[in-house]
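S.K.: Sequence:
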Amino acid sequence: MSLDDLEKRLYAEQEKGTRPRAAPRPRGEMERGTPAVLEEWQREEMGEKRRHPFFWWMLAAVGVLLFLAVGAVVLILSSGGGGEGITLTLYAPSEIYRGVPFELKVEVENQLDEIIRDATLSLNLPAGLVSVDNIGTNRAITSESIGDIGGRTVAKKTFRLLAVGLPDSLQKANVTLSYGTGGRSRFQASAEKEIIVNRAAVKLAVTKPERVISGSAFELEVGYENASRFDFSDVTLRMKYPDGFSFQSASANPDSLDSSWRLGALNAGSKGVLRVKGVLTGVGEAQFSLPVTVIANFGGEEYLLAEENVALALAPAPVNLQVLVNGRSDYVARAGDMLTYTVSYRNESGIALADVVLKLSLSGELFNFTTLDTDARIDSLANTLTWNAGNTPPFRLLDPGASGEVRATVRLKPSFPIRRPSDKNFFLRVQAEASSPSVPYYLSADKTTALASMETKVAGLTVVYAQAFFRDVAAGMLNQGKLPPQVGQPTEYTIHWVIRNYGTDVKNVAVSAFLQSGVTWTGLVKSSIDAVPLWNERRSEVTWQIEKIAATKGVISDPIEAVFQVRATPDVTEVGQYQPLMGETTLRTTDDFTGLELTSRDAGFTTALPDDRTVGEGIGRVIP
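Take 1 as the starting number for the sequence shown in full-length UniProt numbering and just add one per residue.
Everything labelled a hint here was simulated from the structure, so no lab data went into it.
Misleading hints may appear alongside valid ones.
Distance condition first, Cα-Cα at most 16 Å in a straight line; then the derived EDC-like pairs of lysine to aspartate or glutamate [as the list claims (entries may be wrong)]:
| hint | residue 1 | residue 2 |
| --- | --- | --- |
| 1 | K548 | D602 |
| 2 | K172 | E192 |
| 3 | K271 | D231 |
| 4 | K359 | D337 |
| 5 | K208 | E95 |
| 6 | K424 | D592 |
| 7 | K156 | E194 |
| 8 | K240 | E308 |
| 9 | K240 | E221 |
| 10 | K203 | D258 |
| 11 | K359 | D379 |
| 12 | K277 | D337 |
| 13 | K203 | E307 |
| 14 | K193 | E103 |
| 15 | K447 | D355 |
| 16 | K271 | E225 |
| 17 | K240 | D255 |
| 18 | K457 | D592 |
| 19 | K172 | E221 |
| 20 | K240 | D258 |
| 21 | K507 | D611 |
| 22 | K482 | D355 |
| 23 | K172 | E194 |
| 24 | K553 | D505 |
| 25 | K203 | E308 |
| 26 | K548 | D505 |
| 27 | K271 | E210 |
| 28 | K413 | D337 |
| 29 | K526 | E561 |
| 30 | K193 | E95 |
| 31 | K277 | E219 |
| 32 | K457 | D423 |
| 33 | K208 | E221 |
| 34 | K553 | E584 |
| 35 | K240 | E307 |
| 36 | K203 | E219 |
| 37 | K203 | E221 |
| 38 | K208 | E219 |
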């Protein structure tokens, strides 16, 4: 190819937008030189290859610098103004008592030359620490402003705290400093202090007998001492008695419920003793727990100073007593019942017991004490029965292992003594006590005693009454038809269901009755409550469902009542007779107090209408 042809080809490719390529040449010719056009694009290509790596290196360097700058800003903000130059230090006593206030001191040192402005300290406390200034507010965080802090100066703040956590527990208090440096930005610095609650401020020491006999009195001695260096101004000692414990007396009069004593001021190092006497009853060798606590009052709030859980275990009673009513320990009585109480006894003391006395005390408004039948001596004022050697010869000397029983019979009143709405859930209580001046060697008492008791629930009473009327102005219903009733001619009647409830609340009340042949439902019905009677045509049954009825409803307040209308058409077989209108009314419900099902019934009725005073005798007989 000639030089002219090569030049034409190169210019043609440039016009098409492509880069010209060098034509192959012998090595020697390339070294000697090339046409001017070829040398220019070759220089451009070589220049691009030199600039490309340098551009990417510059871009990477700029990215690294930006990353480092952003990281520095984040680090400065998160470390409380750079962290350098601001020191936050917390101080607390090494020995801290539960229930004793102490001071947490905070020092903020500004090591910078500039002023930090509008500084605020926020104290965040765990559940085991309480700010004395926040008692009664339930706030876990306390914020205090300490203003501006000059350069190279120290600011101090003291928080008064109260340790309420368990002894030997670790509590962590966290303090955060928030401040500014003149601009809009706020910075923070934090510090944490681990605080150990060493021990309780008050020592408790409870002394109890080696053996607690069921039914026999025993004594607890509670010693208390303020082991701290703090003077408490308002201290209370409390006991929580277990079921079966009966308080008898104490060395100091209790302030409330026979279980709380206000000790008042308890100065550092002071101590005292409280003695409590009571009786614990239980079955077999039962285990009981009796917690004793000491409480301090700060700002109207109570905080625990000390506690001890006293474990009590019953030892076998020297005399085994058991009380049954009508042969059962879980008997549920009903008004008007005849009850037979049986007290069984057995001497398990290991020694002969002389001059045994057995007393049975009865308590309950439903007892009719005039019906008592027993060979015991009766104390009518105290409602107590007493058996002794005079009426029970074995009690003169009850040998080890000897046993027997005594009895008493009494009838309950037929009606509940209801005078106010709270008169409900009636109990019958009896307590048996056996005693002898003979004392086994293992008892530290002046006599041998044993107790047994029983509580018997009395089921309630719910009564339904059914009535029928021809003339019923009070119900506001007008009955059509003839009276005397006539064969083939319909006559309307109104039927009333009235419910009265005595003694207990009841639930799931269901009242029902069947209409008789020739009697149909008219659809006219009303009720004193939301629930109304419903008609089941297929079964010819009327039902009334009531969710609940309160005790004494219908006794000291208006009863629940429903009224519905029926239409009766007599047939020829009933001429000269009273036409049956409705069968027996039945009420069933559940006693909330005893869980028993209660039932009430009222007889069915005819066109004799005994409750309608406007209808004379015989007027209700069917005529042809």
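S.K.: Hints first: check each against the structure and report whether it holds.
M.R.: Status of each hint after checking the structure:
Proposed proximity of K548 and D602 is contradicted: the alpha carbons are some 21 Å apart, above 16 Å. Between K172 and E192 the CA atoms are separated by roughly 7 Å; this keeps the pair inside 16 Å, and the hint holds. Restraint check for K271 and D231: the C-alpha separation of about 12 Å stays at or below 16 Å, so the hint holds. A distance of roughly 23 Å separates the Cα atoms of K359 and D337; the hinted pair therefore is violated under the 16 Å criterion.
Distance restraint check for K208 and E95: the Cα-Cα separation of roughly 32 Å exceeds the 16 Å cut-off, and the hinted pair is therefore not satisfied. For the proposed pair K424 and D592, the alpha carbon gap of about 11 Å is at most 16 Å, so the pair holds. Annotation: proposed proximity of K156 to E194 is violated, straight-line Cα distance about 19 Å (limit 16 Å). Using a Cα cut-off of 16 Å, the hinted pair K240 and E308 holds, with the two alpha carbons roughly 11 Å apart.
Distance check on the hinted pair: K240 and E221 sit about 15 Å apart at the alpha-carbon level, within 16 Å; holds. Note on K203 and D258: the hinted pairing is violated, with a Cα-Cα distance of about 22 Å set against a maximum of 16 Å. Of the pairs offered as hints, the one joining K359 and D379 holds, with about 10 Å between alpha carbons and a cut-off of 16 Å not exceeded. With a C-alpha separation of about 38 Å, the suggested pair K277 and D337 falls outside the 16 Å cut-off, and the hint is violated.
Only pairs whose Cα atoms come within 16 Å are accepted, and K203 paired with E307 is accepted, the gap being roughly 9 Å. With a C-alpha separation of about 12 Å, the suggested pair K193 and E103 falls inside the 16 Å cut-off, and the hint holds. Straight-line distance between C-alpha atoms of K447 and D355 comes to about 11 Å, which keeps the hinted pair within the 16 Å bound. In summary, the hint linking K271 to E225 is supported, as the alpha carbons are separated by about 4 Å, within the 16 Å threshold.
For the suggested pair K240 and D255, the alpha carbons sit about 14 Å apart, so the restraint of at most 16 Å is met. Among the hinted pairs, K457 with D592 is consistent with the structure: their alpha-carbon atoms are about 12 Å apart, no more than 16 Å. A hinted pair counts as satisfied when its Cα atoms are at most 16 Å apart, and K172 with E221 does not qualify at roughly 37 Å. For the hint linking K240 to D258, the alpha-carbon distance of about 10 Å falls within 16 Å, and the restraint holds.
With a CA separation close to 29 Å, the supplied pair K507 and D611 exceeds the 16 Å bound. Using a Cα cut-off of 16 Å, the hinted pair K482 and D355 is violated, with the two alpha carbons roughly 81 Å apart. Restraint check: the Cα-Cα separation between K172 and E194 comes to about 5 Å, which is no more than 16 Å; the hinted pair holds. A C-alpha spacing of about 9 Å is found between K553 and D505, which places the hinted pair at or below 16 Å, so the restraint holds.
Proposed proximity of K203 and E308 is supported: the alpha carbons are some 9 Å apart, at most 16 Å. Restraint check for K548 and D505: satisfied, since their Cα atoms lie roughly 7 Å apart, inside the 16 Å limit. With a C-alpha separation of about 25 Å, the suggested pairing of K271 with E210 is violated against the 16 Å cut-off. About 8 Å separates the Cα atoms of K413 and D337, which keeps this hinted pair within 16 Å; it holds.
Note on K526 and E561: the hinted pairing holds, with a Cα-Cα distance of about 9 Å set against a maximum of 16 Å. Note on K193 and E95: the hinted pairing holds, with a Cα-Cα distance of about 14 Å set against a maximum of 16 Å. At most 16 Å may separate the alpha-carbon atoms for a hinted pair to count; K277 and E219 meet this at roughly 4 Å. In summary, the hint linking K457 to D423 is supported, as the alpha carbons are separated by about 14 Å, within the 16 Å threshold.
Between K208 and E221, the direct Cα distance comes to roughly 7 Å. Compliance with the 16 Å bound is thereby established for this hinted pair. Restraint check: the Cα-Cα separation between K553 and E584 comes to about 23 Å, which exceeds 16 Å; the hinted pair is violated. Our distance criterion of 16 Å between C-alpha atoms is met by K240 and E307, whose separation comes to about 11 Å. The hinted pair formed by K203 and E219 fails the criterion: a straight-line CA distance of about 20 Å is larger than 16 Å.
Taken as a hint, the K203 and E221 pair is honoured in the structure, with Cα atoms around 14 Å apart against an allowance of 16 Å. Distance check on the hinted pair: K208 and E219 sit about 7 Å apart at the alpha-carbon level, within 16 Å; holds.
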